[in-house]
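Make the full structure from the sequences, and use the hints.
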Amino acid sequence: MGIQREPENRPAMAGKHWVRHSPQMDVETELLKVAVVIGEGTVTVTISEDISFPSEITQVEDTYVSYPELEATPLADKVRIRGILRKQIIYVEAGTGLEKHLQVEEPYTTFIDIPGCAPGYDVHLRPGVEHIAYALIPEGAVQSDQARQTCVLSIFVKVTATAQLNVVTDVTGPQITPIKELMKVETVQGEGTYRHMVTDTVTFPGIVHQVLDTICSIVITRTTPLRDKVVITGRLEKMIIYVNDEDETVRELSVEVPYEFTVDLIGTRPGHNITTYPTLEYIEYQDFEIHEITPGEQYEPPEYETTCQEVAVFSLFIKVTQTEQIEVVTSIEGPVEYETTLLKMESVVGEKTAECLVEQVVQFPQPVSAIIGYDARVIDIDADPIYGKVVAKGTLWKRLRLVSSADSTVYVHEVQEQFTTFAEIPGTTPQSNPHLIPTVEHVEHRLIPILGDPEGASFAAEQTSILDLFIKVTDTVQREVVTSVLYVPPSEDPCTPEHAETIIYVVKKGDTLWKIAKHFGTTIDKILTDNPWIENPSLIYPGQKITIHKCVP
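With my numbering, the residue at position 195 of the sequence shown is 195, and numbering never jumps.
Read the hints as simulated data drawn from the structure, not as lab findings.
Quantities reported herein were computed from a predicted structural model and do not represent experimental measurements.
Any given hint could turn out to be false.
[To be verified] Subject to a maximum C-alpha distance of 25 Å in a straight line, what follows is the list of computed BS3-like cross-link-like pairs (lysine-lysine):
no., residue 1, residue 2
1, K229, K33
2, K158, K100
3, K550, K518
4, K550, K509
5, K33, K518
6, K509, K526
7, K389, K352
Structure, rendered in structure tokens:
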């Protein structure tokens with residue numbers, strides 16, 4: 001093996017190229033821009049809280065958990081994590097035995113030590129609930145309007161940094177043998193943070209002067225890589241909470257706003273992989289205008305609607321990568337000195353898009369005559385890597401807008417449906433890292449009419465949803481890769497018989513003929529001449545005895 005030298009600073013040259021280091025040696029290098037893994041770990045957060053219910057309950061039936069506003073801040077040697085634990089609690093009401101719903105949000109902050117972490121690095125989070133339990137208050141009560149909840153949340157944290165590394169991919173020359181390894185890596189072509197503003201005219205039924213809150217999801221439906229630019233297509237899904245001034249009631253309006261914009265990102269090419277991380281910065285409403293849409297008649301008041309202008313601004317971190325296979329040199333045998341760098345990176349195992357069909361009969365609390373709209377998204381998604389495949393589990397959350405067959409009023413009904421699917425990705429192991437991007441491709445509902453009802457009213461609907469899950473599997477690998485090579489010419493004063501002594505050397509672990517020859521001041525050819533039983537110079541084993549003619553001054 002060659003001699004490993006301390007690294008030296010030199011400018012990196014882009015692309016793959018050959019360099020003539022000497023008349024005896026040529027070196028091929030390639031500049032890789034890779035996401036280097038700085039460190040990873042799991043932090044556990046225990047959240048305990050007393051929850052008040054609107055009426056007495058006998059038990060908590062189920063809890064669905066999501067993680068909105070989860071953010072990570074990289075600091076020196078640690079990561080600060082802030083988030084909200086949103087729980088959709090299904091409980092049994094005392095007296096009626098009805099299952100009812102309560103939403104609770106609990107903010108939390110925690111830290112995890114990641115040596116080597118620094119501000120500006122990329123942090124990837126994967127949360128999951130390990131345990132959740134409820135106990136009625138006071139202890140031993142059979143029904144109560146309060147319960148103590150304990151939730152154990154685990155968050156897997158990975159810190160990466162984009163680095164440029166000039167690696168050696170081949171070396172040629174007399175008596176020089178490079179040892180190579182084929183690596184499948186995801187090289188970073190470009191990245192950046194971009195802001196986009198979405199404007200829209202919102203129409204409210206009735207007289208409205210203020211918006212109390214907006215729950216907004218940034219949905220990205222398609223990313224299209226072009227030459228030096230990326231086209232982003234998606235929609236904002238908003239639940240607007242507002243006050244109707246006519247009866248002072250608080251109401252909700254669901255709105256979807258499509259958007260499309262293009263960002264310049266040098267180095268992007270068709271076929272590259274696009275990863276996006278959106279963050280909502282702010283939403284504001286202005287210029288409220290009231291319009292009379294139906295004049296009032298005798299004994300009936302007029303009908304109004306209100307329009308206003310909405311402005312939403314969100315930021316989007318975009319990373320462009322390319323999956324490629326390259327051969328890198330990990331060590332060199334021969335008359336050279338070389339330096340290596342420990343590269344801890346994500347090696348791509350494989351990727352696949354899995355289609356999942358979710359079918360279920362949805363029950364309604366009252367008869368309906370039509371479904372006039374819905375919101376749908378995937379929440380609480382998780383992936384379990386096993387040998388040769390990835391099992392994906394999650395919840396399809398839907399919010400249906402229904403028309404009551406009794407009085408034609410519109411009301412909202414939420415549904416959560418669990419699903420499980422899998423994708424075969426050869427090379428996956430339980431230690432692999434799965435990455436999932438879910439997309440709701442299609443949702444369809446068919447009302448099941450009540451027999452004998454001429455109005456076609458229904459208490460249920462058959463629901464069919466089609467989900468697309470893009471799954472990428474990576475392994476975190478560590479490799480020593482050669483980053484520079486220096487040719488070392490053989491000694492001009494070869495060992496002669498009159499200046500040599502014969503010794504018997506026992507091969508040790510890690511020895512090579514070049515290393516032994518260098519140590520004893522001789523050459524590989526001389527060792528092979530004195531030891532004709534060595535058929536392959538690259539194959540010697542610990543415990544073998546080699547005759548050496550060691551030069552003496």
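Subject >> Broken hints, by number >> reply: 2, 5
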